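> Listed below, chain by chain, are the residues.
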Amino acid sequence: MKRQVPVLITFIVGTVLILSVFFPPAERLGEDFSIFFDIIAVFAFFLGGGNLLRIHFGKVYQKREDWGFSIVTLCGFAIMMMAGLFKLWNPGGIAADVAAPGSLFQLMYDWIFNPLGASMYSLLAFYVASASYRAFRAKNIDATILLIAAFVILLGRTPLGMYVTSWVPESFSILQIPNLAIWIMVSPNLAGQRAIMIGIALGVVSMSLRLILGVERTYLGVDNE
Amino acid sequence: MDRSRRISLIIFAGIIILFILSWIIKSTTLLNVGTESLLSIRDAFFITFAAFLTLAIFSFLYKDNPYYKFAEHLFVGVSAAYWMCVGFWSTFVGNFIPKVSTTLSNFFEVPPKEFDIFYFIPLILGLMLLMRLSPKGGWLSRWSLAFIVGTTAGLNLIRYLRTDFITQVSNTFIPLLVDWNGIGPFFSDFSLSASGQFVMTLGNWVIFIGVFSGLIYFFFSKEHKGFFGHASRVGIWVLMITFGASFGYTVMGRVSLLVGRLTFLFKDWLGLIS
Amino acid sequence: MSDIGLILSIGVIVVGLLWLTIRSLTGREVERRIIFLFIGISVAIPLLFNITVSEKATPIVKGIYDKVENLPSGSKILISFDYGPSMAPEVEPMSDAFLRHALAKGHKVFIMGLWATGQSLGAAAVDKIVKPEFPDKVDGVDYINIGYKAGNQGVLNVIITDFRKMYATDVNGVDLDSVEIFENIRSLKDMDLILCVGGGFPGIKEWVLFAADPGNIPLAGGSAAVATPLLYPYYPKQLIGLLGGIKGAAEYESEMKKNYPRFADMPTPGLNMMGPQTLAHMVVMAFIVIGNLSFFFAKRRKK
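Protein chains in written order, with my numbering: chain A, 1 to 225; chain B, 226 to 499; chain C, 500 to 802.
A few of these clues could be false.
Unchecked claim - In silico BS3-like pairs for lysine-lysine, Cα to Cα no more than 27 Å straight-line:
no.	chain 1	residue 1	chain 2	residue 2
1	B	492	A	59
2	A	139	C	798
3	C	756	C	555
4	C	604	C	561
5	C	561	C	575
6	C	688	B	338
7	A	59	B	294
8	C	627	B	492
9	A	2	B	361
10	C	736	C	575
Unchecked claim - Okay, the calculated bits of chain B under chain A, using three or more residues with CB under 8 Å as the criterion:
no.	segment
11	257 to 264
12	390 to 400
13	481 to 493
In case anyone wonders, no lab produced these hints; they're calculated from the structure.
What you are looking at is a predicted structure, and each value in this text was computed from that prediction instead of being measured.
Glycine included, each C-beta is placed from N, C-alpha and C at the ideal position.
Generate the whole structure from the sequences, applying the supplied hints.
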């Protein structure tokens, strides 16, 4: 019951979705399964929220290290949740878009969620610059090739590349940095990415087959769970 | 009170004073451009708050500190609630409720649809997924997980096989002599022009050889020796160019994000640029 | 002012880099915060002095522009907002430009999102661009925002055959059967062009896999720089064109400004960001050179 039923569910759902591509009568069933998947995905969001509450309430209750910051998480969660679920300050009432301009939910998105997310990721600009200085070394031929490609792209993706090599005559225009950067992207980069893509595709196909046929069961976890 | 605690308190007080000052100045600025008084106070608060949150995140560059931790923890809480709310209204209320209850549809003001008993399947599986939070009923969530895994596997198998395997292999078989009109015209018009015949031909050779040598590099069932070894070496060089290009683009992307944040600070908050 | 800014910023950066070079070559440690300061300054100064640069559309960008331009007026274009705050500064200019261009050309625009944040971004785009700049355009007639649905590729698997099965209403709860723009639209296959703006999962890749390829629908996109190199294998057969990072956005904006007098004064965040971007790239390249020089000198000293 704990293992056989899930394996059977995976087999049925996976097979129906594959058949729906080839047989039009199965198409409707494939669509239904996709919608069910979408609705379950919302429960996965609820699960994420529930887990977050469990962890941070636990931290506050047990007064573990930095428990004060867990209160910040819980408050942020509660206020955003109320703003969204009750559509607070929403000019269109309950029928309107949850993210309608002027609603508290959208204000919190614009002025809290968005700046925090964008700032968090913008920190990487500093670290990538630091890595360029400390770790990006031409230690061997492979690293040198990587370095030269990166250099051409960095130059070519700004107007600076054009200024530097604008004197190169038209009959040698591939040597102009922006053209060279484009060539790198559409030839060697494309080739490398395609090789990786084909490899990943084979991996996805074989893993999907293993899952559908019940050979791969690690996602079910261990039995004593 | 020890010295470090006193310094922390002074910094905290300074930040609060700065925040209030900034809020007042921003409100006045917004009032001057004709925004309604209550709205300008509200908007000024939010802009100032966003600016201070941005600075709190940036403070991590100096070292880890309570202001960064505050911003980080707030982000976690707010983003989790954001995804839950949007998921609830868009998909749960938008797709599930109209199919199962006219009363609930009327309550949420969404047009009801024809009743469909099969829509209780995702409800039951969804509730079973939530059982993961319970210490004893965790195994029940495997059923919903199995549904998710089955759907993903079923969807991916055919699409990846077709688009990322068959089509990519087919797209690799390209003409190795572009616009070929004979050896005479080729050498008489020979140039290194970016749109010239030689460069286009070279590009196609690089793609053709690059893809196969790249794949050879990833093939570990045969020892990389002799011809296989040489091909695999070429594959590494192609992959190195690929990673170099990715690095260049990564720098570009990360810098853009920083430009975006500084634009917000200079334009929306401080009003230094128009 | 711009010239003074340029000279000042280059001056500050050159002096700083010289100092860094000397310090590195003499084998002394450089604090990571100094590196951080450099990158901060190289971005901040060009912003403050409004250093701008000009751009010209490359073929991969021009491909999208020409497609939108050459479609007959009234064609159906779907724009998917598949991004969040983590990449908004570099891809938001793209979705804004696509939206402006499509509406100015008289196309019917359908807005949706595979990211929950797409719900907010779509609503903001309508409020910020459509309502003030295109007041004659009517919601439900010339454009519609159908918002976000959970389920990633599962959503695409349904709307590739039936829109209404997934989207019963628009974001304001209006039944899709009652809106003019959705007359004669059954599935994604009825779209003349899909423009996906994103850079993560789900994003352009999923649109190629689950919509454009199986449905044979023209697809183009704007991608965050980080994800751009990964998408080149799809170009040009499965992707008409691609805006890669902020430079792609800047190129598209410049093309719009060149060809549409009404867009001469439009906000061009992409073009504005290229000034700081250029200086930051210069600094990063200088870091690579200095880092390698110090590496070789250190190696020689050891020998």
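> Against the structure shown, which of the earlier numbered hints fail to hold, in ascending order?
Structure breaks hints 1, 11.
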